[in-house]
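A.B. asks: Each chain, written out:
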Amino acid sequence: MTTPRLYKTEAIVLRQRKLGEADRILTLHTPARGKLDAKAKGVRKTTSRMAGHLQPLNRCMVQLVQGRTMEVIAGCETLESFQPLREDLDRLSRALYAAELADRFLAERVESAATYRLLLDTLRRLQSDADTDLTLRHYEMKLLDQSGFRPELDRCLGCEQPLQPQQNFFSPLAGGTCCPSCGAGAAGSRSLSADGLKVLRLLQRMSYNQVRELNMPPALAQEVERHQHSYIVCVLERDVNAAAFVERLRREKLPLEI
Amino acid sequence: MNELPTAAAAPVARLIEEFHKLPGVGPKSAQRLAYHLLRMPAAEARALAEAILEVKERITFCSTCQNVTDVNPCRICANDRRDRSMICVVEEALDILAVERSGSYQGLYHVLHGAISPMDGIGPEDLKVEALLARLRSDEVTEVILATNPNLEGEATAMYLTRLLQPLGLKVTRLARGLPVGGDLEYADDVTLSHALKGRQEAQG
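So the sequence lines, in the order shown, correspond to chains P and L. The C-terminal residue of the first sequence carries number 258 in my numbering, and the numbering is unbroken. The C-terminal residue of the second sequence carries number 463 in my numbering, and the numbering is unbroken.
It is possible that some hints are incorrect.
For lysine-lysine, the following DSS-like pairs were computed, each having C-alpha atoms within a straight-line distance of at most 30 Å [claimed, not checked]: (1) P:Lys-8 <-> P:Lys-18; (2) P:Lys-18 <-> P:Lys-41; (3) P:Lys-39 <-> L:Lys-429; (4) L:Lys-456 <-> P:Lys-45; (5) L:Lys-279 <-> P:Lys-198; (6) P:Lys-41 <-> L:Lys-429; (7) P:Lys-45 <-> L:Lys-386; (8) P:Lys-8 <-> L:Lys-279; (9) L:Lys-429 <-> L:Lys-279; (10) P:Lys-39 <-> P:Lys-18; (11) L:Lys-456 <-> P:Lys-253; (12) P:Lys-41 <-> L:Lys-286; (13) P:Lys-45 <-> L:Lys-279; (14) L:Lys-314 <-> P:Lys-39; (15) L:Lys-456 <-> L:Lys-429; (16) P:Lys-253 <-> L:Lys-386.
Read the hints as simulated data drawn from the structure, not as lab findings.
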């Protein structure tokens, strides 16, 4: 795609890193150009007019100028700042996890309007929905779908027979489910309960409004999370950093609520 | 760097390379600095070298507040004229200089040496949080002021610390966020503006 020297686009700020004295490099998620890095000059000074508009997770309208190595942000205005996310550490940590996943899965400068829409919807859901972990599981499944890593959940990836409603296996390396006889010896495979399989299928096929009605016992939610997480780590070939923080908050919160 | 130093004598090339490692110094600046040093009187060059060595040899972190210091405990922690009931928590040692410059704070400090950044894998365990908790257990502190940066990482850190500290029965406060002096209202983003509105104060004339 040829891009004009100066253009305007909507974007979600995925992450930022410091550059030099007072600049930052932002990773933006745009609908038409996927993710791209852009330089924001002077945004670490308190007098910066743009700094507040360019915080991570903000949705904003940015004006970009083509630079030699990357775009430079010429102007911007907040469209949506997701304030409730920023005032609640549990919601914030999950939103950062969602943003990190988007950053890892997205290709640079490739149209990705569907993923943009998905991330935006997810951030809005994370602001107010009760079960934010369920929101994330749905997001992960849809993101895997959109990036071409939809896991197989109907047949055994070994013998290609349809799965029976029983204890089966999930193998991240193979890319989905295995029947008991094929899965037991497969590298990295873990047992998958019949209920776990049902939930994974629901997450893969149902709309969010149907998914949010789900009410899982904690053990089942944990099983589903473990399988999805191991699959994502396997696809990305690396850990998702923000997951550790989400996990830590969950762990530290437990004794207070009992 | 490979194309540059070949023309220069080996010691000069080495100096250029060392300068080039510093933040914000490109190849051209490194050359300029190195050749400036060559023309410098020997005494001045020696003074610079000694200053660098001294910093590396004598400066450590204060065992109490984690500030950079040449004496332990640092001068602020050792000063009995300072208010020992307050601890101002900052991200970096440089932030102490900024708060001190304001001249409006007489309490103690605590340097975290970073901020929580989940996406970069920086969690509370990478910061000096344990040391802060230890101080709160033993000291006569009644108020903790969270002076982390008003950006996403700073806010996350402040929220995390609030969670940790509030159960201890302390007064936990956060620096006010609002409009910067010398800024224009029309350029303020909505988050800053809403903070400024929430934290508005009765006008004084």
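A.B. asks: Hints first: check each against the structure and report whether it holds.
C.D. replies: Going down the list of hints, with the structure as the test:
no.: 1; hint: P:Lys-8 <-> P:Lys-18; in the structure: holds (24 Å)
no.: 2; hint: P:Lys-18 <-> P:Lys-41; in the structure: holds (10 Å)
no.: 3; hint: P:Lys-39 <-> L:Lys-429; in the structure: violated (39 Å)
no.: 4; hint: L:Lys-456 <-> P:Lys-45; in the structure: holds (23 Å)
no.: 5; hint: L:Lys-279 <-> P:Lys-198; in the structure: violated (56 Å)
no.: 6; hint: P:Lys-41 <-> L:Lys-429; in the structure: violated (37 Å)
no.: 7; hint: P:Lys-45 <-> L:Lys-386; in the structure: holds (25 Å)
no.: 8; hint: P:Lys-8 <-> L:Lys-279; in the structure: violated (37 Å)
no.: 9; hint: L:Lys-429 <-> L:Lys-279; in the structure: violated (44 Å)
no.: 10; hint: P:Lys-39 <-> P:Lys-18; in the structure: holds (10 Å)
no.: 11; hint: L:Lys-456 <-> P:Lys-253; in the structure: holds (28 Å)
no.: 12; hint: P:Lys-41 <-> L:Lys-286; in the structure: holds (22 Å)
no.: 13; hint: P:Lys-45 <-> L:Lys-279; in the structure: holds (25 Å)
no.: 14; hint: L:Lys-314 <-> P:Lys-39; in the structure: violated (34 Å)
no.: 15; hint: L:Lys-456 <-> L:Lys-429; in the structure: holds (20 Å)
no.: 16; hint: P:Lys-253 <-> L:Lys-386; in the structure: holds (20 Å)
The structure is inconsistent with the numbered hints 3, 5, 6, 8, 9, 14, although it conforms to all the rest.
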